[in-house]
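S.K.: Which chain is which? The protein sequence lines are C and H, in order. Counting along the first sequence from 1, when you hit position 16 you're at 15 in numbering that gives the first Met the number 0, and nothing is skipped either side. Counting along the second sequence from 1, when you hit position 364 you're at 363 in numbering that gives the first Met the number 0, and nothing is skipped either side.
Treat the hints as calculated values from the structure; they're not laboratory data. Just so you know, these numbers come straight off a predicted model, no measurement behind them. Don't take every hint at face value.
[To be verified] Calculated lysine-lysine pairs in the DSBU-like style (CA-CA distance at most 35 angstroms, straight line):
| # | chain 1 | residue 1 | chain 2 | residue 2 |
| --- | --- | --- | --- | --- |
| 1 | C | Lys82 | C | Lys34 |
| 2 | C | Lys5 | H | Lys133 |
| 3 | C | Lys66 | H | Lys26 |
Spelled out, the chains give:
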Amino acid sequence: MADKGKIYKCLNPTGIQVPVRTFPLAPRLNTIQGKEIWFSICGEPDITIALERKFKTDYPDVNWRVKKTYGVAPVLLSDEEMKTCDGLILGVAW
Amino acid sequence: MPYLAELERAGIPTVVIDFSDQVEVVKQQALESGVPAIRSVHASRTLPGPADADRIVVLILEELTRPLTAREKESGIHNPDSPRVLFEGSLEEADVFYHQSRMVPYPLNAPIALYTDGLPVRIPTEERVLEMLKGTNHRPDEFITYQTSREGTIVAEKEVGERKKGDLVKFPPMNMTATVERVAVNAVMAGCKPEHLPVVLAMAESGCPTGTTTFHGQWVCVSGPIVNEIKMNSGYGMLDPGSPVNVPIGRAYQLMGINLGGAVPGVNRMNAIGNPFNTGGTCFAERAEGMPPGWKGMNEEYGFGKDESVIMCMNGLFGIQGRQFSPGGYRAFQKSGHGGIARRLNVKGKPGPHNWLEYIVPGLWANQEGGWTFVMVPEMARHLYEYGFKSKEAVYEWLWKKSFMPVKEYRNYSWTDLRTNGWMGIEKTSGKPWKELPDDYMVPAAGDDPSNFLIIVAGGEEEVCLELGGRLPDIVADPVFSIDAWR
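The shape of chain H in the complex, shown without the other chains (with noise of 0.2 angstroms):
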């Protein structure tokens, strides 16, 4: 939108192309790139193509040339007021404010809370807001800036710049900013306790995209010292609820995502089904004691010291799935080479440790090309480790070379007519232009190297793996921010 600004004001008429249910996205896009009144024509989901041309093309070319109304002509300053105190009274009529909740229109027809997850929330009372505020050093009114600088990248399907340490974050769908005292309102609102708010202020520097359309599912990680000093549930259940660490925290993300960023459902939140991930949040924490030998932890991953917490912000479309097999027949194929996936990986009678990955191999790129995030308990992580893989590295090579297939099978997957910018791109590994490659040329379906894998130790003992979108899908490069900036 912002591209359609920039002619406009340059003196060129344009019209842009959407669906009639993106109609309040587009709008509030072009307010935001300050030419609100910008025209569009909304194609259809259903009708095929030409049919859909057929009934369009003339109503493209009369936004190029109907005379301009009064209201496209008008100029001026759109500076809406955002007042520190939004409510004064008791704690009851409180209640009663910040629990509204106002009717979305189509294409929703349904009532979406104003300020909440639709949960109840904690009331943020000044005092309150002042007690969590002792939980950082940072001042109440300095805004939320990146405290290290970070290269250009697509988030939630808008392309973002290169982002200078310094520069403000704008929180989506909205871009709008932050202060710190913002962030820990909405850190009281969630239930937040004043040791979690550099957490949470460090998943403010994230900007909490929320993303539009298809299954966006956000979870955070936190990695390093803090995962102990504050509690958190790194071990069994820890994505259940419970833990009065890792579920405020990640409520605290969604509560941002809407207030700070202004997503609706229905309005610039289009995700047509929803993603379990986001009702309620979605955090957890790395288990640093159950690593293998010589195994980095993701702080260290990322370029930090092990000594130094982290937070990893995902905005992730590929969802989750599970294990694919049960945990009694896991045991039974490590200890002693039984049952059915000892069967299957042909080492029947043969004691561990074995490489289980190759078991889930197969399922992991059956309907879907990328990486993926493993989250593995420590006994699973341990026996690769036994196996073989003396580093993490050594298995995200190992899966990445599992994922080479045919360039016609790679051709099947619907999410390839993007990675290859319609097959007109160039394929990474080979150098060459997708379209000269030969159906037989063998490519691979995790993407163009081993980084987009990521293993995550951490959870009980009962052998279970969790499968997330891979470590980099497209849409949230470098997500980890540090936590130690923001105490």
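Chain C on its own, in the form it takes in the complex (with noise of 0.2 angstroms):
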């Protein structure tokens, strides 16, 4: 039974987050002519098929590299691949 007027500590029943230090984004390209852009596939085959022959097709002046694995984890770039990886788009669309 609860003393009548008393006050109460009651208890934080939620998880601590540990601090994170945050970083802007990368700069952004002024042009993606001539860059070599890495399309990530790690989802739905739909979408990302007509989007791999969409980007090859409409931007030919793209060097267009592609890592594809149809589990919910990407294929990572390697340490030499990132050396020349000017953007690379996640297609995770699960």
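Put the two chains together into one complex; each comes in its own frame, and the hints tell you how they fit.
M.R.: In structure tokens, the structure reads:
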């Protein structure tokens, strides 16, 4: 039975966020022409098949590169690939 | 998302394609990854791929080229306050405070409770939490860490690397951490007693994932001496309401997912319909005394001793199926070979024991590939033993062999594209690429080996078997945690 008029301290049930240092986005490209852009596919093939085709036909001046998995985690760029990568599109759409 | 954050920090602009109803998930994951402004473009859930590609291709490329806004150039520290005392006031006022809800906008447009599962909770006063903490020798300010090392896996659709003993447990989807005291707070709210706390702490070690999308259902099963010690119901109606032990422990899982993980329907817990396992929580117990001679308990199957208590925390995608026969028909079949089951299995007039699994096998993979966890009553386990299965492993092996089907048939299931990595992967039993296998090649629908089956003996005397998602439903490997480590 609660004491009438008593003030109770009630404790917090929520999780404790680990502090996160936040960073800005990378500068954007001034043009995509002549750039190496990776399309990292890790999701439903329905849209990604069409997108890959469209990127390559509509923007032939871009050096399109593709990483592909059907799983939930993307196939990572290697350190060497990151050196020449100008941009990355992650097609996750699960 | 950590991958995109890494690329952005390395100076590589990125954009992610998601769905419009996943915006909050993306935002939260981006923040947690340290690059909160990651850009996204929404695909359509309904447009055919080519039409959708036409619609969004320009939008995607714009996100790679549109100059950054001032907000997108910001950096700093995200460190939200999380005070130990959340509320001070009378119990009546606390009742109002802890039972508040907030409106969750599109795609939900409905109120969702802020700190509860929607039902009333016991207010976690400091005194009550202190009393609850008598259930463990662990310090209140100790952070929940892994008590044993674990291999890398995928949990709740997110990759989780190897976890070493002593590593902080992160509670998805917000990947927050918790102290022993915060777990005890949730245990109080769920209605647990101090003697339940080691079980709740062991559940907390799982991170209490709630999953997102599809049909995730969470259930936990306790095995070992603690079942009788704290008087769990492992018999009649163990999944039903009524037990003052099973019910609050199951509820504590859900409260921890909500409070410690930050799971919110319509924001980052996107079960399209939801799962009845999760309403009020689901906890039950193995009935060790009902086990046939020589059959291992769940604790022993996972490398623990018979005298050790463990909990299995499952976050399965595949829900639950029920018995496929009338219990009376089953008894007639086993006792004297009468009835429809006997006719189907061609044992009419022959008394049992018969292998009743033969009857349900055609339904097991009728619409879904993968393994199964069977919760069967002691009598039906005993029939399998008397039929000739002297170990659970023998049953698993038999079931696995029964699951073989031609590649041509296996191709027609909905998850196989994922399981085979779009048919680009290797079929494990043959060691050959999936694409090289002929149509008539036989592959196991139950997974690479028999280890995706599990038998839990529990329940009352009416002849019933439930089939739940498999022992390793791809998203939860290594789902068993020591309770004794948290005493």
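S.K.: Does each hint hold? Answer for all of them.
M.R.: Here's how the hints hold up against the structure:
1. C:Lys82 to C:Lys34: holds (13 angstroms)
2. C:Lys5 to H:Lys133: Holds, because 24 angstroms separates the two Cα atoms, which is no more than 35 angstroms.
3. C:Lys66 to H:Lys26: It holds: about 24 angstroms lies between the C-alpha atoms, which stays within 35 angstroms.
The structure meets every hint from the earlier list without exception.
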